[in-house]
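S.K.: For reference, the chains in residue letters:
Number of protein chains: 2
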Amino acid sequence: MSAVRNVQVRLRNRPQGWPQLTDFDIVESSLPQVGDGELLLRHRWLSLDPYMRGRMNDAPSYVPPVALGDVMCGEVIAEVLESNNERFAVGDRVYGDLGWQQYSVRHGKTVRKVDPRVPESANLGAVGMPGVTACVGLLVIGQTQAGQTVVVSGAMGAVGSMVGQIAKIKGCRAVGIAGGPEKCRIVTAELGFDACIDYKAADFREQLKAATPQGVDVYFDNVGGEISDTLLTRMNDFGRVSVCGLISHYNETEAYRMKNMRLILVKRLKMQGFIVFDHRDYYPTALKELAQWVAEGKIRYRETIAEGLRAAPEAFIGMLRGANIGKQLVRL
Amino acid sequence: MSAVRNVQVRLRNRPQGWPQLTDFDIVESSLPQVGDGELLLRHRWLSLDPYMRGRMNDAPSYVPPVALGDVMCGEVIAEVLESNNERFAVGDRVYGDLGWQQYSVRHGKTVRKVDPRVPESANLGAVGMPGVTACVGLLVIGQTQAGQTVVVSGAMGAVGSMVGQIAKIKGCRAVGIAGGPEKCRIVTAELGFDACIDYKAADFREQLKAATPQGVDVYFDNVGGEISDTLLTRMNDFGRVSVCGLISHYNETEAYRMKNMRLILVKRLKMQGFIVFDHRDYYPTALKELAQWVAEGKIRYRETIAEGLRAAPEAFIGMLRGANIGKQLVRL
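Sequences listed follow chains A and B, in order. Counting with numbering that gives the first Met the number 0, you get residues 0 to 331 for the letters of the first sequence. Counting with numbering that gives the first Met the number 0, you get residues 0 to 331 for the letters of the second sequence.
Just so you know, the hints here were simulated from the structure itself, not pulled from any lab data. The reader is advised that the hints may include incorrect statements.
The list treats identical chains as one, so a pair stands whether inside a single copy or across any two.
Unchecked claim - Here are the simulated DMTMM-like pairs of lysine to aspartate or glutamate, each with C-alpha atoms no more than 25 Å apart in a straight line:
id, residue 1, residue 2
1, Lys-258, Asp-228
2, Lys-258, Glu-225
3, Lys-112, Glu-205
4, Lys-208, Glu-253
5, Lys-258, Asp-57
6, Lys-208, Asp-57
7, Lys-287, Glu-119
8, Lys-108, Glu-78
9, Lys-108, Asp-280
10, Lys-169, Asp-277
11, Lys-112, Asp-277
12, Lys-167, Glu-205
13, Lys-208, Asp-193
14, Lys-169, Glu-295
15, Lys-167, Glu-295
Being a predicted model, the structure only gives us computed values, none of them experimental.
All chains, please: the whole structure from these sequences, using the hints.
M.R.: As structure tokens, this is what we get:
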């Protein structure tokens with residue numbers, strides 16, 4: 000056993016609807032010895048993401064759920080404290096799915112070193128899974144072409160904020176959908192989208208129409224539900240809907256029922272769900288391009304930072320309710 | 000003016016819900032002179048298809064609606080009675096979108112000669128638009144591979160019956176969905192599908208599950224609505240839904256609301272609407288292959304034949320209600 004004491008956040012209950020603080024346990028534990036090829040890692044940054052809500056359910060999904068009593072899953076940037084692997088030196092910064100905890104012992108092959116040109120936390124956002132997700136949905140699934148109109152929901156989120164900025168780099172009109180005037184202001188004034196619409200506004204449909212005078216060629220869907228249903232009415236013929244997330248569904252006990260599905264045929268739309276992990280081959284290309292854009296200052300990002308592992312459950316619940324601005328992180 | 004008297008079926012009213020006989024006018028009229036490059040055509044076979052119901056509405060769709068007072072649109076096999084076009088001889092059989100009428104005068108470039116190896120009426124079905132539609136949805140949109148499971152709704156219809164037979168030729172498991180035990184019997188016993196499920200059966204879901212032990216890779220959707228919603232629950236990861244028709248929607252005044260849309264993401268499905276007319280380049284390839292299969296006896300088809308143009312409205316309404324077995328035709 001290592002002398003280091005670990006702290007972990009574990010799943011206590013499977014929530015019905017919105018998660019609560021009592022659905023998590025915060026537990027002290029010990030760490031195993033560092034074996035051959037393994038590393039002792041001190042976690043520095045933990046990413047909090049909407050998909051984690053899905054992992055708290057027992058329903059079949061694209062990955063198995065977190066078991067009751069297990070450490071919550073999550074991407075982490077960590078520092079190597081001890082190394083029994085010649086590919087890693089003490090002090091290296093690495094990325095891995097290491098979970099909601101302060102330390103871990105992992106084999107070197109389960110983590111990768113991060114690009115030193117990029118700020119550490121950005122490896123969990125702009126130059127991490129959310130950035131690659133934006134590239135896959137926009138370019139691979141969405142087949143976005145210069146001159147087209149891209150709409151993205153959750154525009155102020157870690158993925159959505161990247162979608163619009165990459166769309167702009169690629170020569171598209173970028174329209175965001177976000178919750179509340181402050182987020183909408185940041186999306187246009189700071190992130191450079193052409194427009195952003197508050198989905199809470201009473202005249203959402205009219206605003207959407209005004210913001211997409213040429214219709215919509217690609218809708219990057221992070222939310223599902225009624226917003227997606229409305230978007231179908233604005234799609235151009237042969238438009239693409241990249242279905243990336245369903246944040247509006249995660250905490251609903253009854254699914255929203257789509258009424259505009261006939262438009263899939265009438266407009267010959269393609270609606271396709273995707274998960275970034277299915278596109279492993281595309282990661283190196285995307286990460287290299289994203290790191291370059293960040294290094295050149297072409298991509299801006301906001302972060303909301305919670306301090307300390309014990310703050311993670313509350314920060315997670317807040318994120319699901321839209322309290323964060325940009326990428327939600329925990330500094331450990 | 001030609002001496003020939005024409006009879007036409009024109010659209011009188013736009014139906015709300017199910018069309019009625021009183022929505023059509025049957026009118027005698029004269030024909031224009033046959034100009035340069037033009038043909039006088041005697042119509043021999045008229046095709047009746049579900050998409051025509053959509054054209055009776057004023058709602059925006061992929062093609063403009065039939066105007067009130069205009070001849071109903073429809074594909075026809077005709078005989079050349081007079082020719083002012085060197086590419087056509089008297090007696091040639093041609094295919095064209097010539098409408099619900101007994102005669103027409105058209106320029107030669109708006110029709111094409113049909114394959115003489117194939118029975119005349121089959122050029123409106125197996126070796127016509129329905130056959131090409133089946134190929135596009137199954138092979139181009141659905142990317143069907145040998146060994147996979149294909150499910151098709153409207154399995155006894157002109158398109159659906161081709162989908163399952165082509166799936167079998169391509170080495171797939173073919174499962175049909177049809178209305179009533181007699182249609183289901185024909186789909187398996189005559190058309191050679193592996194299974195066929197009656198959507199009117201109380202245990203439809205259980206039958207579907209039993210008929211697709213390996214799940215569903217391609218769902219060829221001719222109906223939309225609740226059947227499609229149920230199919231989503233049987234799709235395999237990365238499955239494709241080719242949306243070809245929405246017969247269940249055409250006569251409903253309120254759209255069915257899909258509740259299983261989250262499965263698009265969870266299973267990374269692709270749902271894509273298509274219209275055969277968008278795939279003009281693919282026609283010659285498909286027609287050649289289809290004619291070959293029919294000539295070799297690899298494709299079987301049923302026809303329901305109404306006699307005379309005046310019977311067309313009633314036959315059309317019957318087809319929408321599922322009274323036909325196989326391709327619905329009118330012999331003129």
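S.K.: Each of the hints needs a verdict: does it hold here or not?
M.R.: Right, here's what the structure says about each hint:
Taking identical chains as interchangeable, the C-alpha atoms of Lys-258 and Asp-228 lie at most 25 Å apart whether they share a chain (7 Å) or sit on different chains (12 Å). For the homomeric pair Lys-258 and Glu-225, the shortest alpha-carbon distances inside one copy (9 Å) and between copies (12 Å) are both at most 25 Å. Taking the closest pair of Cα atoms, Lys-112 and Glu-205 never come within 25 Å of each other, the shortest separation being 47 Å inside a single copy and 50 Å across copies. Taking the shortest alpha-carbon separations for Lys-208 and Glu-253, only the inter-copy value of 24 Å comes in at or below 25 Å, while the best intra-copy value is 29 Å.
Proximity of Lys-258 and Asp-57 under a CA criterion of 25 Å is satisfied inter-copy only: 19 Å between copies versus 28 Å inside one chain copy. Proximity of Lys-208 and Asp-57 under a CA criterion of 25 Å is satisfied inter-copy only: 22 Å between copies versus 39 Å inside one chain copy. Only within a single protomer do Lys-287 and Glu-119 lie at most 25 Å apart by alpha-carbon distance; the minimum there is 15 Å, versus 60 Å between protomers. Proximity of Lys-108 and Glu-78 under a CA criterion of 25 Å is satisfied intra-copy only: 15 Å inside one chain copy versus 73 Å between copies.
Proximity of Lys-108 to Asp-280 under the C-alpha cut-off of 25 Å is restricted to the intra-copy arrangement: shortest distance 17 Å within a copy versus 49 Å between copies. In this assembly of identical chains, Lys-169 and Asp-277 lie within 25 Å of each other by CA distance solely inside one copy; the values are 23 Å within and 27 Å between copies. Taking the shortest Cα distances, Lys-112 and Asp-277 sit within 25 Å of each other inside one copy (21 Å), while across copies they are farther apart (48 Å). When the C-alpha separation of Lys-167 and Glu-205 is checked against a cutoff of 25 Å, the pair qualifies only within one copy, where the shortest distance is 23 Å, while the shortest distance between copies is 49 Å.
When the C-alpha separation of Lys-208 and Asp-193 is checked against a cutoff of 25 Å, the pair qualifies only within one copy, where the shortest distance is 14 Å, while the shortest distance between copies is 48 Å. In the homo-oligomer, the alpha carbons of Lys-169 and Glu-295 lie at most 25 Å apart inside one protomer (15 Å), although the nearest pairing across protomers, at 51 Å, exceeds that limit. For a Cα distance limit of 25 Å, the shortest separation of Lys-167 from Glu-295 inside one copy, 15 Å, qualifies, whereas the shortest one across copies, 55 Å, does not.
Figure legend: structure checked against the earlier numbered hints; the only hint not met is number 3.
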